[in-house]
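Kindly produce the complete structure, drawing on both the sequences and the hints.
Heads up: the protein sequence lines correspond to chains A and B, in order.
Just so you know, the numbering used here puts the end of the first sequence at 463, numbered straight through with nothing missing.
Just so you know, the numbering used here puts the end of the second sequence at 1069, numbered straight through with nothing missing.
Since the hints were derived computationally from the structure, they do not count as laboratory data.
Think of the CB as a built atom: it goes at the ideal place given N, C-alpha and C, for glycine as much as any other residue.
Any given hint could turn out to be false.
As the list claims (entries may be wrong) - Computed spacing ranges between beta-carbons, pair by pair:
(1) A322/A to L1047/B: 32 to 42 Å
(2) P1008/B to M1/A: 51 to 61 Å
(3) A1004/B to E248/A: 56 to 66 Å
(4) M1/A to L1047/B: 52 to 62 Å
(5) R1045/B to H50/A: 46 to 56 Å
(6) H99/A to P1021/B: 18 to 28 Å
(7) P1008/B to E385/A: 17 to 27 Å
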Amino acid sequence: MQPYELSLAAAAREIRERRLSPVELVDSVLDRIEQVEPHVAAYVAVSADHARRTAREAEREAAQGSYRGPLHGIPVGIKDVIDVVGVSTTASSRTRAGHRAASDSTVAASLRAAGAILIGKTHTHEFAYGLTTPQTNNAWDRGRIAGGSSGGSAVAVASGAATFALGTDTGGSIRVPATLNGVVGLKPTYGLVPRHGVTSLSWSLDHVGPITRTVDDAALVLTAIAGHDPRDPASVAVPGVDYRPGPEPDLTGVRVGVPRTYYFEHVDADVAASVRHAIAQLEALGARLIDIGIPMTRYIQAVQWGLMVPEATAYHQATLRAVPELYQADVRILLEAGELMGAGDHLRAQRARTLMRDAWARILEEVDVIAAPAVPMAAVPSGQETVTWPDGTVESVSDAYVRLSSPANITGVPALSVPVGRDTAGMPIGMQLLGRPFAERTLLRVGHAYERTQPARSLAPVT
Amino acid sequence: MSSAELTPSEAARWAARAGLPLPDDRHVAVAVTANHIHSVVAALRELDFGDTPPAGAFRAQEGKHDAAV
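See below:
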């Protein structure tokens, strides 16, 4: 096994035991990037020299007995909407030409302090406003979409071009690409991970979180990046926690809500079968399954759009007037049309959000987690714009990928996506676990317990 | 087209009122997209909100979200 193939937890163990040096790991990942990048285009920019220099410092620290923790010497890909000092935050947009970040975002600073090594900035759908990331190819089939908007991060992790990555999630942008590429994605509770220094898509819906090979890895990253920063007005002070799940896969007493509405409607048959099979595994581990209804489903898309559309347009106010022609067509039209939404519609979305949060809180008193499909279908071929369901309903691909993700953005509850199978074309399928606000430990415990019942997943064999 | 939908010229006028003058070749596309967005968010008018306040993150004191008074 080559070092680039190691999970974060496995690489950390090797580095701690001095069986692997950060230099060897970084060199291995950089070699892998050279091998796969022509096929997948996950990165906007790779910082090879900087990464090698930092790896040598990490190696010296380790040799002196100074070990910063499990991220010491671990290569990370960072979505290119997240500031890293001295590096351009392009947001994969021509409007950001010449940009240089003056300081680290809070999460980049946290990762740096924990010893992680920035290996490069990963592609995003332009300004995180889309679900495909067209610059990047799926790690398992380059003719299919990467998913988005954190497509570069998910593809890098799935193909061995980063040991872990950071993404952002406003309507599914961590969980969708993670699922479509067969890796783990965690959208934490709104306010748990600070967003200072992260380019906003929609202030009231944006989250930052990890994309990793395993649930255990996601817990290690969350432990490093969670925390209070008053420069993010949504940031919440919660006690520092070690999120890493225990080794015991026993779920006795855990109440798992299985939605009878919404999450299994207009879902590909392979996806539904794989997720129900995974839920049966949770039951076999001791969990109690409870049938639940999802509230206010008629209004989910309306709330998501009523919040996101005017907020995104507001963020881009100046640039949209100065250089509109530099945006991609799909993003430009949404920003322009967003100018036409009335304040009444935006406020109704905010008030409906309050109702939805309260209704979800009542459900989450009855169950500890909700288990559901992460997305309705696996990665579609690049260029496919709509999906037709068996009842004749036609849905845009973007709407379909957002549909099962956005409830967690609206309500702010944490959501973890975990690979649970393949469809008939061999493309990855994911299960989504949702929980009470700040109950990430419960989600990670359940996700990890499931993962331990399955054989270890391999990297995408990109050639 | 329902009476609530914007024509291309109305979309251009609304955008101009918002401070975004649109070139002529944008009017149709912006009207179509704006009307689609409107058709989605209009569903919220069915809800009885009562005294429900909007969700928001405003606090009077910057950076003291967990401070004991």
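Status of the hints after comparison with the structure:
{"no.": "1", "hint": "A322/A to L1047/B: 32 to 42 Å", "verdict": "holds, 38 Å"}
{"no.": "2", "hint": "P1008/B to M1/A: 51 to 61 Å", "verdict": "holds, 60 Å"}
{"no.": "3", "hint": "A1004/B to E248/A: 56 to 66 Å", "verdict": "holds, 58 Å"}
{"no.": "4", "hint": "M1/A to L1047/B: 52 to 62 Å", "verdict": "holds, 55 Å"}
{"no.": "5", "hint": "R1045/B to H50/A: 46 to 56 Å", "verdict": "holds, 53 Å"}
{"no.": "6", "hint": "H99/A to P1021/B: 18 to 28 Å", "verdict": "holds, 26 Å"}
{"no.": "7", "hint": "P1008/B to E385/A: 17 to 27 Å", "verdict": "holds, 23 Å"}
No hint from the list above goes unmet by this structure.
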